[in-house]
Amino acid sequence: MFNAVQLCRCTMINKKICMLGAFSVGKTSLVAQYVHSVFSDKYLSTVGVKISKKTIAVDDGQEVTLVLWDMEGRDIFTNVNVSYLRGAMGFFVVADGTRAETLDTALELRSLVLDQVGAVPNALLVNKADLADQWEITESRLNQASAEGIAVFRTSAKTGQSVEEAFRALAEAMLKAGRNV
Amino acid sequence: MTDTLSASPSPPGDGEAESLHSALPLETQTDEDFPALSAESSYSAPDIGAADTSAMAEKSSVCSPEDLAPSAREGEAPSISPDLWNDLPEIPNDEELQRLRELLFQRELAIIQRLKDSLNDPRQNAKRVSEVVAEALLLRGDDNRLNTALEPAVNAILKTSLNRHQSDFVGVLFPLMGPSIRKSIAETFRSMLEGFSKSLEMSFSWKGLRWRLEALRTGKPFSEIVLLHTLAYRVEQLFFIHSETGLVLSHLTNGGVGTQDADMVSAMLTAIQDFVRDCFASGSEGELESLHLGDFTIIIEKYSKAYLACVLRGTPPSDFREGLRATLETMLIEFAEPLESFSGDTAPFTGAARHLEPFLITRYQDEGQKLPWWGKALPLLAVLVLAGGIGTFSYHARELRQQQAAHMSFMQAGLDFLRKEPGLTLTHVSQAANGPWEVMLLKDDLAKAPGDVLQAQGFQPDAFLVETIPYISYDPSIVARRVKNAIDLPPTVTMHFSQGMLTFTGTAPLAWIAGAKETARTLPGVKQVDMSGVKDPLLDRITAMIKSIESADIEFPLGKAIPVATDISKLAAAVDTLVELEKLVSGIGFTLSLTIYGHADATGLETRNYEISQDRTRTVAAMLYARGSSIPIAMYGMGSQYPKGEKPNGQAASAPKEDQASRRIELRVHIARPATSGVDIFTR
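Sequences listed follow chains A and B, in order. Residue numbers for the first sequence follow my numbering, beginning at 1149 and rising by one. Residue numbers for the second sequence follow my numbering, beginning at 483 and rising by one.
The hints are simulated quantities; they were obtained by calculation from the structure and are not laboratory data. Honestly, I wouldn't trust all of these hints.
[To be verified] Here are the simulated DSSO-like cross-link-like pairs (lysine-lysine), alpha carbons at most 30 Å apart as the crow flies:
no. : chain 1 : residue 1 : chain 2 : residue 2
1   : B       : K1126     : A       : K1201
2   : B       : K665      : B       : K641
3   : B       : K609      : B       : K598
4   : A       : K1202     : B       : K999
5   : A       : K1202     : B       : K784
6   : A       : K1202     : A       : K1324
7   : B       : K598      : A       : K1324
8   : B       : K966      : B       : K1017
9   : A       : K1324     : A       : K1201
10  : B       : K1052     : B       : K1126
11  : B       : K1017     : B       : K999
12  : B       : K1042     : B       : K1126
13  : B       : K1017     : A       : K1201
14  : A       : K1202     : A       : K1306
15  : B       : K999      : B       : K966
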């Protein structure tokens, strides 16, 4: 009875994804209600990363477990702990629609991560879609980003708008990329 | 003469002095022969000139031109090597020339003298050296000769300083070294005791013998073999983790261990390794090898592709990590391809569990030893030191505890014994993780000690951490015990207690019967006491004597206080019996008292009847006292109110009639305990 072995890990697809963005763009709250999390927020400020997990079923019925590395918000992205980016199979950069400068940070972070981990699936989440009337980030800038091949999602941590959709899209993109390896 | 110097108008500047020097034939010689002076003069001469003016002025008249004669200078400057002067070319002792020199070089000679003086002045020397000593030492750099030169001095200084300022050093060093020394000592002591107690115990078991054989066979020290076999640990979780992504490839837990989400734990574990490396060991090759938290250890065995993290409690044997590494290496070879192309799919790693399962070991020490180690080690040490030998240890109980499950039920059984024990009431049981069982008990004073109860059932007396709270138990067996403690039951009496009713049967002295009855009534848990089943053998005799006394039929002639002739002997017999009874009764702690009623018949005046009836009682009392008795006697003359004889022919009771049977006395005997005077224990 005491040496009974439990095999916890079933065969499943696991993906490491990172989430980066400037301070208080709502990264943590963006995923708070969608993920399974066991670690308190204090890890974020001490170790600099908070681990969460989300399992989603993509269109073909395949379940994917996303292990989400929520990295401390930075304005000077050069300080991002690149160790935490290692092995990322996909990532989100997050901007706050009501603060234009956060988009710059997000795009800079995006290039940084692409440099570090290679061309992995990624998406830009522009958060606070529920405050659309206060947005500083213009549609034209976002359209320009889209034109550059960046997947853009207008999300709201408050209403949940497009959050699930963004995760699913990233998961599917990663699955596709994984198969191509 | 001092005036000539101090009053000399505005001493020339450096440049002026230079030009003066160069104009003179002596100049070259001076420079060459005082290389140190000339070298220094380039920056320190003006300093000396300025600083020394006052110093010189304070001094006595050292600077007169006369003083500068070589002879005078030699006497004055003992510290400058005479060779310096000897080497100088001879100056012709020409008075004219001498005068000329004095006239021409008065200032220069004065300057030279000042320089010389300042060189000879220890204070000046010290000052100059102090200005450059730090730079000089720096210039020497890591010259070993300097170290060698300084070493003895520094050592001596340290020694002196240590001796003089011991408390200062202690004050500084203690906070730094204290904790580590303490820790080290504690650790050493702990391991020593642990090893010691283990060795002792093992040397007395068949296991110990087997390990001794093993030690002989392998050539390892016995203590090492003991440690190897007795270390307790339990591997709780094993993670096989992809190094780069921190994703779990395989995760095993030991049954019953609550776990966090493996995916997140492994990601966090990976993040923490990155964190530690980035923060504290940036650029170094090493890896985080283990994490410790209290009893928990996380052992990490890492390769670039994947790593194993093993969460365990306790102390694993030293070869544990090696085993882990070997297994990881095997796995790295087996899973080389899927690891290389890993993109999140864990399916190819299903086989990993097969490699890892053997590590999910739980090695239990005997539980008795696992509970606080010092609790075992210290008594053992004490036994060794004090008795110089080892007593016998009971292994019967321990052998029952081979497995945790068995142990569990064993401990439960122990609790049951405590529960069943009369006078103990279990109120609370708790067990901290892997800690001792804590038991809270209500305990009657008369109940057995919990430790004794356990020991009687084959448990270690200290198998539980017991806290007791005193209380009074109404458990029948405890009440019975309480009664027996209180009343000192004689062997001839048996006691029965049921539903609050205490019943005694058998034979016992009256004193005991009366005393026990009173005491028993007051005891908690006793509602009623029945003593009717207990007889005193004396009682029958006493009862018979009383009966014979009280039934004595003693009649009196008309108008007389002396019994009729035939009854005189009856009265004497009754008095004899009374005296005997008195002795008997006082021998068992009781007192006897007597009431005498005197009666008359209805003839004659009733006042006379009262008198005669009273006289009759006095006759009896007199006889008793004549025999030496001290029985308290109450005497009542009753007159003719209580005729004894039958009323013949239905005559009226009031009709006075001569009646011998009524002219009588009646005796009533009372026996009582002095303490309860008035309570007649003979319930008739």
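For each hint, the structure was consulted:
1. B:K1126 / A:K1201: violated (116 Å)
2. B:K665 / B:K641: Roughly 28 Å between the alpha carbons, so the hint for K665 (chain B) and K641 (chain B) holds.
3. B:K609 / B:K598: holds (15 Å)
4. A:K1202 / B:K999: violated (81 Å)
5. A:K1202 / B:K784: holds (27 Å)
6. A:K1202 / A:K1324: Roughly 18 Å separates the two Cα atoms, so the pair holds.
7. B:K598 / A:K1324: violated (94 Å)
8. B:K966 / B:K1017: Holds - the C-alpha atoms of K1017 (chain B) and K966 (chain B) are around 19 Å apart, at most 30 Å.
9. A:K1324 / A:K1201: holds (20 Å)
10. B:K1052 / B:K1126: Holds, at about 18 Å.
11. B:K1017 / B:K999: holds (13 Å)
12. B:K1042 / B:K1126: holds (17 Å)
13. B:K1017 / A:K1201: violated (88 Å)
14. A:K1202 / A:K1306: holds (18 Å)
15. B:K999 / B:K966: With a Cα-Cα distance of about 12 Å, the restraint between K999 (chain B) and K966 (chain B) holds, given a limit of 30 Å.
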